[in-house]
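Novice: Chain by chain, the residues run as shown.
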Amino acid sequence: MTNITAQIDALPGLDPHAPLLEVTNLHVEFRTQYGISRAVNGANFKLAPGETLAILGESGCGKSVTAQAIMGILDSPPGFVTQGEVKYRGVDLQKLPENERRKVRANQIAMIFQDALSALNPVFTVGYQLGELFRVHRGMSRGDAKRRSVELLDQVKIPAARARIGDFPHQFSGGMRQRVMIAMALALDPEVLIADEPTTALDVTVQAQIMGLLAELQQQRNMGLILITHDMGVVADVADRISVMYAGKVVEEAPVYDIYARPAHPYTKALLESIPRLDKKGQELNVIRGLPPALTAIPKGCAFNPRCAYAQDACRQDPAPPPHIVAPGRTARCHFWTEVIGE
Amino acid sequence: MSDRNDIVLETKGLVKHFPITQGILFQSKVGAVRAVDGVDIQLRRGETLGIVGESGCGKSTLAKLLVALEKPTSGAINVRGENMVTLKGGALRRARRNIQMVLQDPYTSLNPRMTVGDIIGEPFQIHPEVTPRKGRARAVQDLLDTVGLNPDHINRYPHQFSGGQRQRIGIARALALKPEIIVCDEPVSALDVSIQAQVINLLEGLQNDLGLSYIFIAHDLSVVRHISDRVAVMYLGKIVEIGNDEQIYENPTHPYTQALLSAVPVPDPRLRGHRDQIVLEGDVPSPANPPSGCRFRTRCWKAQSICAEQEPLLQIRERSPHPSACHFAEPRDVVHAI
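First to last, the protein sequences are chains A and B. As numbered in this note's numbering, residues 1 to 343 make up the first sequence, in order. As numbered in this note's numbering, residues 344 to 681 make up the second sequence, in order.
If we strip away everything but chain B, and leave its shape as in the complex, we get (with noise of 0.2 Å):
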């Protein structure tokens, strides 16, 4: 677990603003809109990390940033040693072959004019040298295959095929140039729950046969529980608390973590009025104007005055034995079965 060649994929620091400008010809700026704010991560070989948090919080941001989508406003991205966020040209190119991603939306993430063989061979036309010309037929067969789809229907269109298939059509391409790292974000939450077990099925079996690292990105916490070696909680740019996922989902000890996990629904009736239910009031607030000190303390019921003047770190603290942005982080038994 300490062994650093383990670690495939770690950030420093790493920032995203979006600038709100004001005025057409000459613009200035006004503000920003801190949707990620300094997030630390490292994922190691074959591990599964989940992030989970509600909209807004800059997930899908962080996933941007980590495939090379965005440019981070400061920070470092370091795959394999080397810092993605200064590579340029045909090396940021190469290096992006090592770290791809799979969209949420299987619907609009392919491109409906396009055959399915195009769709999975269009990685190999900008990465030519991953794979010769006269192999590529051949490999977009097997990546069909490999994902679970007839290999002759290669010449079919996206309209063609269900939702759950579409999206095994992204994952094949994902894994057209054989990546160490996918990033995942949100890809069962647009689908049906028969065909959502069948999707997590596939991710976790090509996981073990390829020795892939996810980065896997979610709103519904019990499929983040079930597919994740360890999970990260977001709240507005920033990681809060992160642990393995005994950690996280039975001793979570920050209260935003806890509210969370008790606000899922448990598909099981009988633990009805058994539950700890902390219902939070109000609304995420603007990422904008992030609250001074904790984010979370407009809706926080511990919130005290230290927590207004002095950002809480993530890190150990006494009661928590895994890294939590509280000043007053302590366990605390919200659900007892997911």
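Only chain A is shown next, with the shape it has when bound in the complex (with noise of 0.2 Å):
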């Protein structure tokens, strides 16, 4: 294990007090045949050690790409990050070369993919996927390697762990192989956990098995995890934090229970009030008019301002709303949040 400490004692200008993840001011683009896609256009966070932030958002409004340029693992070209920083305890990651950012990779930062078959190598057994972390990262020979795999599979509560090591990935159920996903990204004790849409092609059921597992593991360990997902039943289950996102924008951000209480800005207000609730049976519920942009034309000023129903002048025009100060760690993108809030 000492030559993990080694690792990271060789991040140059790593500061342990400073914070674990901090997402500054990200943009990021496509640049595609049919012009740029502006998939980030400023995403701002911070995460802590313990702490669960959700980012929440349609499909579209840029919160895959984010994980990915926090990972690293952009697709490039055509993607591109054009400014920004993304710095896990004050190393800025963007500036490392190759080959000390793939250190970073699964052992501070690690990552979690919504469809856990796609994301497993269908023609390697599960023990040798995971065994294959320890041999590149740790350097542990193959009889170690699959020793460690085992005592993962038991953590993530995969029945007869021995057994199914040698198994592919396709002879698990969604569940289970969700759960070997779990167990590679913990592999190598990450500090930070990306998951994104963990939960998105499971039964509710075994939702419950998954997200009460991620909360165990998540505790154990006090890592940093960002949820990423469109589920706003998930998030009020499991935020400390919100960080809703709309056309590549942090739209909102703030602790859980004001969000749900009193959202600051209209679209969150909007997202809020389009789910089904048991007072609203038998009703209309509330839409949101329009599309979401294309991301080759973001509207200009402020992006939700065709389909808002506060939207001013002010709002079509150029620059788009700063980050309000609503509260002490509660941003709000919006010139009127204190009217939508005040409702």
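Since the hints were made in silico from the structure, they are not lab data. Idealized CB from N, CA, C, for every residue including glycine. Hints may contain errors.
Stated by the list, open to error - So the derived list for chain A, only partly shown, Cβ under 8 Å to chain B, looks like this:
id, residue
1, 209
2, 230
3, 233
4, 276
These two chains come separately, so use the hints to put the complex back together.
Specialist: Written out as structure tokens, the structure reads:
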């Protein structure tokens, strides 16, 4: 285990007292033949150890691209980080050479993907894929790696782990595959775990199992967890803080209780009102009219203005609303947040 | 409610087994996947019956049976007093007009090489007696208007529309033959939350205007609660509990329904830690080899020896005012608000 600390110490500029993960003004664009698609336009957030930050948004709002940029696994080209910093304990990951960055991946920051079947390699056994981490990153022998893999599968509560280590991914059920993914992400004891829609493909009963497991492992290890999802139920259950993304920007960031009780951005408010609830049975649901903008042609000013009930002339003009401070630790990118929150 | 004339669709002992075969040339049947195993449902005029359950419980097979895309192994489907199962040829085609389907994935259920006009107009080609040839373009435009799309977009292709708009095209196609019943198989699960609400509102509006009856299949329990008058819970090919939304959501009596409801995350952080969470162990058993007796007993915390020996029937019980297929059915309030 000594060589890990050696690796971490080797990161230039590492400051153990700096925030665990800090993303500032991140911009990502995809240069395609149809034009430049601006997937992320200034994402900001911070993550502390043991904290769960949920990134909430609809498809195409840039939440997965943000995660890929943090991990440094963006497809490039066509994807480019054009501005901004991703700092782990004070080290700007963007500036690290690829071989250093590779050590950070899985050692310090790990990720779980939505679709475990396509994220795992179908032609290798689960044991081989898990063991690979230990062999490559830790230089363990095959026998040791296998032993550690069995322990890991035990930790994520896969029954008969010893027997299943030789199975291929397709031999596992959806929930069990997601457990294998979690085991793989946690293999090298990362401090930050990014979970990109970890339960979207699963049934509710299995979702409850997986979310319970994640919460338990997070508590044991005091890990920072970034949960990317569109499910407002899951977020309400597990998150400490929420960043709501729309058209590549974090439009509202707030502690979970505040945002559900009194949303400060019209988009958050409309989203919360559009989910079916008990007291609205038999009535029409509130809808957000129109569609999310194409990322190649984001509206001027506030990107949400064509769909917003509060929009005024000021919203249709650049510059876009800055992150107004609503309360300590709470921001909203809306000129009229006082009106939105006041109702 | 008890009026027989009000019932537009009724199934009796509906069973669908998919054979598992072995061998290439001389195939022998070695077993069967019991996808749907004895389902009795009734659908009344203007009513929405929600069907919920986990993947692999047979919801989609049931939908396919109802619209006669699959032939049941046994059982009857009565629509307007006719048994769809025994109908053939022209009679079957005419009967199908009355029961149409909206599919889950608006991206794969529309042919990318056909224009919207052709997609929505195709039912008229198959059933030419519904609308005379001359009136078809007009009829298609009316349908587009009904589902809230621009009638001028009749010559566009599916890729020119967003997911929500495509689902509207799928709904227009289902409405083309003026059916009484529409089977919606996960119509909103591929859509984003803000778009989902638009499609739910559209479906409810159409029901009020046209007096449609819906079979609404979904795995999202809060969506089902919002739209349904009655809800049936399926597990491994059987209905385990059926009742109106209050009975199912507030006083569920079957342990599976209770576990399912308790697993649904509630979008309200204040309820965190105040909910009764029942976490089921393991996965759904294989429908090719379901457990004896009660099919839920392998994951049930109430299971006793009687559950393995005797299959509980879906019936009203001492402690369950609505039909529940559990020997030990009793109410338990698991979710305080959805």
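Novice: Would you pick out the hints that fail for this structure and give their numbers low to high?
Specialist: Result: no hint breaks.
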